[in-house]
Amino acid sequence: MKKLVKGNIALCEGAIAAGLKSYFGYPITPQNEVPAYLSRKMVELGRVFVQAESEIAAANMVLGAAVTGARAMTSSSSPGISLKQEAISYMAGMQIPALIVNIQRGGPGLGNISGAQSDYFQAVKGGGHGDYRLIVLAPNSVQEMYEMAYDSFDLAEKYRTPVMILADGIVGQMMEPVEFNRPEKKDFEEKSWHLNGCKGRAPRSIQSLLMKDGVLEKHNINLQEKYKTISKNEARFETYKTDDARVIITAYGISSRIAKSAVKLARKEGIKAGLFRPKTLWPFPSEAIAALAKPGVKFLSAELSHGQMIEDVKLAVNGKVPVEFLGKAGGAIITEQEIVIKIKEMIK
Amino acid sequence: MKNEIIIAGFGGQGVLLAGTLLAQAAIEQGLHTTWFPSYGAEMRGGTANSTVVVSVDEIGSPLAFNPNALIALNEPSLNKFMPRMIEGSIIIANSSIIPSDKEYKIQPVFVPVTDISDKEIKNVKTANLVAVGALIKALELYASGNCGEDSHKRRQSAEETEGDLCDLEDTKILTLKSALAACEKAFSSKPELVEVNKKAIQAGYDFVKQL
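If you read the sequences in order, they're chains D and H. All you need for our numbering is the position in the first sequence, starting with 1, plus 1. All you need for our numbering is the position in the second sequence, starting with 1, plus 601.
Extracted from the complex, chain D is given alone in its bound form (with noise of 0.2 Å):
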């Protein structure tokens, strides 16, 4: 039977069974639930557990375990995610896979701890400095949650990479049924990469500062290689009744729940609505989204935020269709009948 468990609990399986070795985190509402539930299991399991004196510490932390070939993550909201960017800009240059988990809150500042989905710009169009991108998955169920964290480290891992979790206070504090159903992770392949003693091999070294005439020049241009791998193999979506759609909402995490609502709603009086639900805000699956945007066909941004992934909507329909946005923030939240008003608007 499926247990019934909060989001962010349900995140900490996935990690642990993922073959989580050490986390490092700080307090914030509303993701307390992860250091919470770790620093009993981690224990328990005999793996690190540390809460550290602040968030940038909590973040360079990871950095330092990660190096090691050892699976680390850390988790904030996003007051605490706006302090670890120094730390995620060096792990990208690094090329270093660990995950960083944001449970969103209201913003701009301290804002308040109700869920909200306004750090979309700060995850995907880079928070730290420097020419880097982060994968950010985006769950919107207390199910993927658990899917998500398992499934983060691998691709960390796969690409070398800092791998973000942007879920936001709704899905973090929802409980739903959820299925533990992926195996325990035991077996990890050998690294050519990481620092573990240099006894009987070659030295490594792994640096960000790259001062040498050219040698950045030259990173850059491999990462953006790399970047471009990325986009080409792991976008991922989900689309719900696009087919024959006139009105299309695009919406991530919680409102593509809520969006869904509203299509059935939408189709209970006639009128074709579809959902497109980007499940990668990075890479943003754009070639799906232009696929969909025929003659007759409009979009519509639905987010808890005043305006941000429309902005990657509408450069992956390049024009060609009209897009639209629907959107609240600091806690506020869009209702289905209200996105059902704004799709009959659009089509009249």
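Since the hints were made in silico from the structure, they are not lab data. The beta carbon of each residue, even a glycine, is placed where N, CA and C say it ideally should be. Hints may contain errors.
What the hints assert, rightly or not - Straight-line C-alpha distance at most 20 Å; calculated SDA-like pairs for lysine to any residue:
{"hint": "1", "chain 1": "H", "residue 1": "681", "chain 2": "H", "residue 2": "611"}
{"hint": "2", "chain 1": "D", "residue 1": "4", "chain 2": "H", "residue 2": "790"}
{"hint": "3", "chain 1": "D", "residue 1": "343", "chain 2": "H", "residue 2": "666"}
{"hint": "4", "chain 1": "D", "residue 1": "3", "chain 2": "H", "residue 2": "629"}
{"hint": "5", "chain 1": "H", "residue 1": "681", "chain 2": "H", "residue 2": "720"}
{"hint": "6", "chain 1": "D", "residue 1": "273", "chain 2": "D", "residue 2": "229"}
What the hints assert, rightly or not - Quick list of the computed label-pair ranges, beta carbon to beta carbon:
{"hint": "7", "chain 1": "H", "residue 1": "633", "chain 2": "D", "residue 2": "319", "range": "34 to 40 Å"}
{"hint": "8", "chain 1": "D", "residue 1": "131", "chain 2": "H", "residue 2": "789", "range": "30 to 36 Å"}
{"hint": "9", "chain 1": "D", "residue 1": "111", "chain 2": "H", "residue 2": "746", "range": "46 to 52 Å"}
{"hint": "10", "chain 1": "H", "residue 1": "746", "chain 2": "D", "residue 2": "238", "range": "40 to 46 Å"}
{"hint": "11", "chain 1": "D", "residue 1": "201", "chain 2": "H", "residue 2": "631", "range": "52 to 58 Å"}
{"hint": "12", "chain 1": "H", "residue 1": "658", "chain 2": "D", "residue 2": "44", "range": "49 to 55 Å"}
Chain D is fixed; fit chain H onto it per the hints.
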């Protein structure tokens, strides 16, 4: 069938646990369910609430946009949520501490859950689950009213044979049986509390039954 249930009261009255129990009962019946808490600044003595959605279909928002069932364990909660309830909602009001002689927009079912838990169950902490039992019976009565004589008879026979009401296609509502089963799960870490809480659910159920 879809129920969007709000459970509200003072912090410390067990509104989160009561919600968890309802969601677990839904799982026992193979129904879709979500649970969402008010979280953060609540403390003992303040107000707290949880929202449980139970549905035969996949659930969109875990927040209640059209709440149709409410457990109000104190008066501020009743006043806060009454205006949001849709017409025909089922409301269980704790008449131990909420006046029952006032005019309300939607007439609540008054159940003195604090008194029942204190005098009958001898454990005032179980008032939340007395209310859960009361809600289950009230929802059942409401559904049988809506589903006509035939389904009511079938329900009665299901009750007599302790059959699972969930088997009845037209009345996929939470059942007493699944709530009692959920009790075992919810208190699995404190087995000594299973029986007393089962008794509390049964007492609330029986109170509404004899109204």
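Right, here's what the structure says about each hint:
no. : hint                      : result
1   : 681/H x 611/H             : holds, 12 Å
2   : 4/D x 790/H               : holds, 15 Å
3   : 343/D x 666/H             : holds, 17 Å
4   : 3/D x 629/H               : holds, 9 Å
5   : 681/H x 720/H             : violated, 29 Å
6   : 273/D x 229/D             : violated, 35 Å
7   : 633/H x 319/D: 34 to 40 Å : holds, 38 Å
8   : 131/D x 789/H: 30 to 36 Å : violated, 50 Å
9   : 111/D x 746/H: 46 to 52 Å : holds, 49 Å
10  : 746/H x 238/D: 40 to 46 Å : holds, 44 Å
11  : 201/D x 631/H: 52 to 58 Å : holds, 57 Å
12  : 658/H x 44/D: 49 to 55 Å  : violated, 41 Å
Violation of the numbered hints given earlier is confined to hints 5, 6, 8 and 12; the remaining hints are satisfied by the structure.
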